[in-house]
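*Asks:* Residue numbers (UniProt numbering), protein chains in the order written: chain A, 1 to 200; chain B, 1 to 200.
Keep in mind the hints are simulated off the structure, nothing from the lab.
Wrong hints could be hidden among the right ones.
Unchecked claim - Derived DSS-like pairs: lysine-lysine, alpha-carbon spacing no greater than 25 Å straight-line:
id, chain 1, residue 1, chain 2, residue 2
1, B, LYS54, A, LYS3
2, A, LYS54, A, LYS24
3, A, LYS3, A, LYS24
4, A, LYS24, B, LYS24
5, B, LYS198, B, LYS164
6, A, LYS54, B, LYS24
What the hints assert, rightly or not - Stretch-level coverage of chain A by chain B, calculated; a stretch enters the list once three of its residues show a Cβ under 8 Å from a Cβ in chain B:
id, region
7, 29-37
8, 45-53
9, 70-78
Beta carbons: idealized from backbone N, C-alpha and C, even for Gly.
2 protein chains.
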Amino acid sequence: MSKLAPLVQQLIEALRVLPGVGPKSAQRMAFNLLERNREGGERLGAALTLAMDKVGHCQCCRTFCETDICALCADPLRQQAGTLCVVGSASDQLAIEHTGQFSGLYFVLMGYISPLDGIGPAELGLDRLDKQLAKGHISEVILATNPTVEGDATAFYLAELCHKYQIPVTRLAQGVPVGGELEYIDGTTLSHAFSGRKTF
Amino acid sequence: MSKLAPLVQQLIEALRVLPGVGPKSAQRMAFNLLERNREGGERLGAALTLAMDKVGHCQCCRTFCETDICALCADPLRQQAGTLCVVGSASDQLAIEHTGQFSGLYFVLMGYISPLDGIGPAELGLDRLDKQLAKGHISEVILATNPTVEGDATAFYLAELCHKYQIPVTRLAQGVPVGGELEYIDGTTLSHAFSGRKTF
């Protein structure tokens with residue numbers, strides 16, 4: 001690699017911050033942009049610089065947003081819905097938004113409680129959530145954390161918080177995914193699906 | 001996607017200029033940088049802006065380089081070697097450099113002759129190559145174009161150019177790749193390997 005021009009080398013190394021991009025892909029990306037799409041590369045450079053600098057967190061729900069309050073939190077219809085969905089990340093929030101099933105407010109944890117990594121309730125902004133619940137406008141909290149150890153631990157903590165204010169808490173149903181084949185579904189999921197069976 | 005903050009949306013769209021990055025990957029990349037690596041994102045933004053602006057082509061060999069003449073072309077040892085290897089792209093040049101087998105000069109076409117796409121000898125800078133060959137410092141031209149239709153067509157054109165100056169032309173050997181299994185190698189490659197067989 002030492003035979004490359006310094007700026008090209010620097011670009012290839014910088015591209016490796018992207019998730020899933022190794023040395024070969026980074027090289028392909030750099031050469032592709034330099035050869036075929038300098039304009040696109042410049043646009044990407046400008047978008048990155050701007051976004052890294054200006055995008056912060058919504059003061060209400062902690063999602064990514066360049067204003068104080070995000071568009072969803074500012075929507076009066078959503079405020080009136082009285083439901084609050086707690087998700088682990090902005091991508092999870094987006095996935096739920098895409099279903100079109102939910103029209104309440106969100107709270108985006110941006111991580112899960114994980115004492116070993118030094119992530120406690122304070123790092124997830126749960127003091128802010130506490131204050132929001134204390135106001136009494138929320139009639140149901142939906143826990144949409146990942147069905148993993150950290151997600152479950154965080155869900156238990158959040159449930160405690162809601163119990164404090166006597167707010168009903170629900171959790172996303174666990175069961176067999178649509179299109180999945182029973183033969184290949186793990187035992188824990190299958191037993192969740194069994195115990196959560198519904199009248200047909 | 002409309003529910004995203006404009007700058008985040010803009011970043012996701014800009015990331016799609018990268019080869020092999022679709023909407024889902026672009027979203028993952030954007031969120032990953034915003035959540036975990038703002039510094040890396042800023043560095044990437046700056047590297048892109050700088051590289052797209054400053055990286056041009058070497059006036060000798062056309063490879064990517066931010067100075068007039070690249071480091072390889074400026075190397076007196078390489079100039080004295082008297083061999084010139086013609087490759088299709090900067091990545092091909094890098095692949096050959098990594099073998100450590102070649103210590104002469106390069107000429108990087110940055111494409112292949114393709115009349116349907118409007119790419120002729122002028123677009124590949126072959127007038128510049130012509131001038132370089134005319135100087136008489138080159139004692140062998142190695143054609144390392146891709147073994148594809150465009151690569152072969154370009155190789156024929158280049159061979160003509162060399163014949164004009166009576167410069168010996170060689171081409172990379174075609175045959176079975178190391179580690180390949182004969183059973184799965186295509187017929188054309190196998191017949192090339194047969195006709196090019198060597199004393200053992």
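*Asks:* Decide, hint by hint, whether the structure agrees.
*Replies:* Hints, verified against the model:
Proposed proximity of B:LYS54 and A:LYS3 is supported: the alpha carbons are some 18 Å apart, at most 25 Å. Under the criterion of a C-alpha separation no larger than 25 Å, the hint pairing A:LYS54 with A:LYS24 is inconsistent with the structure, at around 31 Å. Under the criterion of a C-alpha separation no larger than 25 Å, the hint pairing A:LYS3 with A:LYS24 is consistent with the structure, at around 16 Å. Using a Cα cut-off of 25 Å, the hinted pair A:LYS24 and B:LYS24 holds, with the two alpha carbons roughly 21 Å apart.
Pair hint B:LYS198 plus B:LYS164 does not hold up; C-alpha atoms about 30 Å apart against a cutoff of 25 Å. Between A:LYS54 and B:LYS24, the direct Cα distance comes to roughly 23 Å. Compliance with the 25 Å bound is thereby established for this hinted pair. Interface restraint, the region 29-37 of chain A with chain B: holds (8 residues with C-beta to C-beta distance below 8 Å; minimum three). Three residues within the 8 Å Cβ limit are the bar, and the region 45-53 of chain A against chain B gives 9, so the coverage statement holds.
Using a Cβ-Cβ cut-off of 8 Å, 3 residues of the region 70-78 of chain A lie near chain B, which meets the minimum of three, so the contact claim holds.
In the structure shown, a violation is registered for the earlier hints numbered 2 and 5, in ascending order.
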